[in-house]
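Chemist: Listed below are the residues making up each chain.
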Amino acid sequence: MKASDIMTKEVVTINGSATVADAVKLLKDKGLRALIVEPRYSGDPYGMVSETDVIYKVAAHGHDPKAMRVYEIMTKPCIVITPDLGVEYVARLFSQSRIRRAPVIQGELLGVVSASDILRKSNFVEKPKQLFIEDRIDVAREEARAVCKAKGETSPDCAAAWDVVEELQMAASDQRSKQKKTDGKSSFEVYCEDNPNAKECRIHDD
Amino acid sequence: MMQAKEIMTKEVVTVSGSATVAEAVATLKEKGLRALIVEPRYDGDPYGMVTETDIVYKVAAHGHDPKKMHVYEIMTKPCIVVPPDLGAEYVARLFANTRIRRAPVIQNGLLGVISISDILKKSDFVEKPKSDFDRYCEENPGAREARMYDD
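Chains as they are written, first to last, in the numbering used here: chain E, 378 to 583; chain D, 660 to 810.
Just chain E, with the same shape it has in the complex (with noise of 0.2 Å):
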């Protein structure tokens, strides 16, 4: 699954010099947690403003929110990503950069991606996703050459190393074979999914 597929695409956006009133307005007429604050002009960066930074930087200190702006709370430059990044790769990016949540852009704002959508929408339950698997089996397989050096090619800790290994590789196939089924379909499978009562979709079992 990528960005695209689990992103919200209804996106509102606000100008930097409106108020941090006007913003909350926004947020809570939309039942939003973030606005995204747009380019100026061609190579000024994506900004966001988010519910966080209004209680934090405003309610926190009973600032007046009709006389402060959204500039002196965003945050600008802000985090973006592309939105063909796969979901376990944005989930890590969040994890890493402490971020929740990051405008999508490619070329112009597609839509917006937060933890929420991960946990909502995404199939990280059903299909847990390990990263760098196949690092970790060149890093196996090291180990199971240093160890069978050691111990010898016969000892049981060597067998075990080299058991790693395969579970590790097995993982990997049924990662890239599930990947296939649902990326990879003909557009025969494809048609006949749509279409199941097609002639030349029926199964003949006989």
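It is worth saying that the hints were derived from the structure and are not from the lab.
Worth double-checking, as some hints may not be accurate.
What the hints assert, rightly or not - The calculated lysine-lysine pairs, modelled on DSS-like cross-linking and capped at a C-alpha distance of 25 Å, are: (1) D:LYS727 x D:LYS690; (2) E:LYS379 x E:LYS498; (3) D:LYS789 x E:LYS434; (4) D:LYS717 x E:LYS504; (5) D:LYS690 x E:LYS386; (6) D:LYS727 x E:LYS402; (7) E:LYS504 x E:LYS526; (8) E:LYS405 x D:LYS780; (9) E:LYS407 x D:LYS669; (10) D:LYS688 x E:LYS504; (11) E:LYS402 x D:LYS717; (12) E:LYS443 x D:LYS789.
These numbers come from a predicted model, not from an experiment.
Guided by the hints, dock chain D onto chain E, whose structure is given.
Modeler: Chain D alone, transformed into the frame defined by chain E:
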């Protein structure tokens, strides 16, 4: 100033620390919540909390299997709790100082949960910000003008 109990969310769902992360995800999705409270196991045991951020940062980000991980491995316990009569602005300041977004409201038991969304959507910080005079008095409690006469 509005108090925590006036703006908190009263519908609270609890989860056991020994539940699996997959169970917690199912509950969060079903109830449309962002956090679950882990109740104390015995008298003197603290409250805990598990949020959608915990799940995304600690499980999804590593490709761990949520069916094989448990709530106690990723929860925050003890978590920061808020008394029901704390003013909304102080809740906001506590949240800002400790970098949290949500806390259970506790007084002789679990009363609710208060989040930054509750403060944003239900409190009156836009309509009634502190006046300059209020802020001056808070910064200079010894100033003559800041004295309060009670009679």
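Chemist: Against each hint, give a clear statement of whether it holds in the structure.
Modeler: Okay, the hints, checked on the actual structure:
1. Pair hint D:LYS727 plus D:LYS690 holds up; C-alpha atoms about 22 Å apart against a cutoff of 25 Å.
2. Using a Cα cut-off of 25 Å, the hinted pair E:LYS379 and E:LYS498 holds, with the two alpha carbons roughly 11 Å apart.
3. Taking the CA atoms of D:LYS789 and E:LYS434, the gap is about 14 Å. The hint holds against a cut of 25 Å.
4. A C-alpha spacing of about 16 Å is found between D:LYS717 and E:LYS504, which places the hinted pair at or below 25 Å, so the restraint holds.
5. About 23 Å separates the Cα atoms of D:LYS690 and E:LYS386, which keeps this hinted pair within 25 Å; it holds.
6. A hinted pair counts as satisfied when its Cα atoms are at most 25 Å apart, and D:LYS727 with E:LYS402 does not qualify at roughly 42 Å.
7. Between E:LYS504 and E:LYS526 the alpha-carbon distance is near 36 Å, which puts this suggested pair outside the 25 Å criterion.
8. With a CA separation close to 6 Å, the supplied pair E:LYS405 and D:LYS780 stays within the 25 Å bound.
9. The straight-line distance between the Cα atoms of E:LYS407 and D:LYS669 is roughly 23 Å, inside the 25 Å bound, and the hint therefore holds.
10. This hinted pair checks out: D:LYS688 and E:LYS504 have alpha carbons roughly 17 Å apart, not beyond 25 Å.
11. With a C-alpha separation of about 33 Å, the suggested pairing of E:LYS402 with D:LYS717 is violated against the 25 Å cut-off.
12. Of the supplied pair hints, the one linking E:LYS443 and D:LYS789 holds, its CA atoms being roughly 12 Å apart against a limit of 25 Å.
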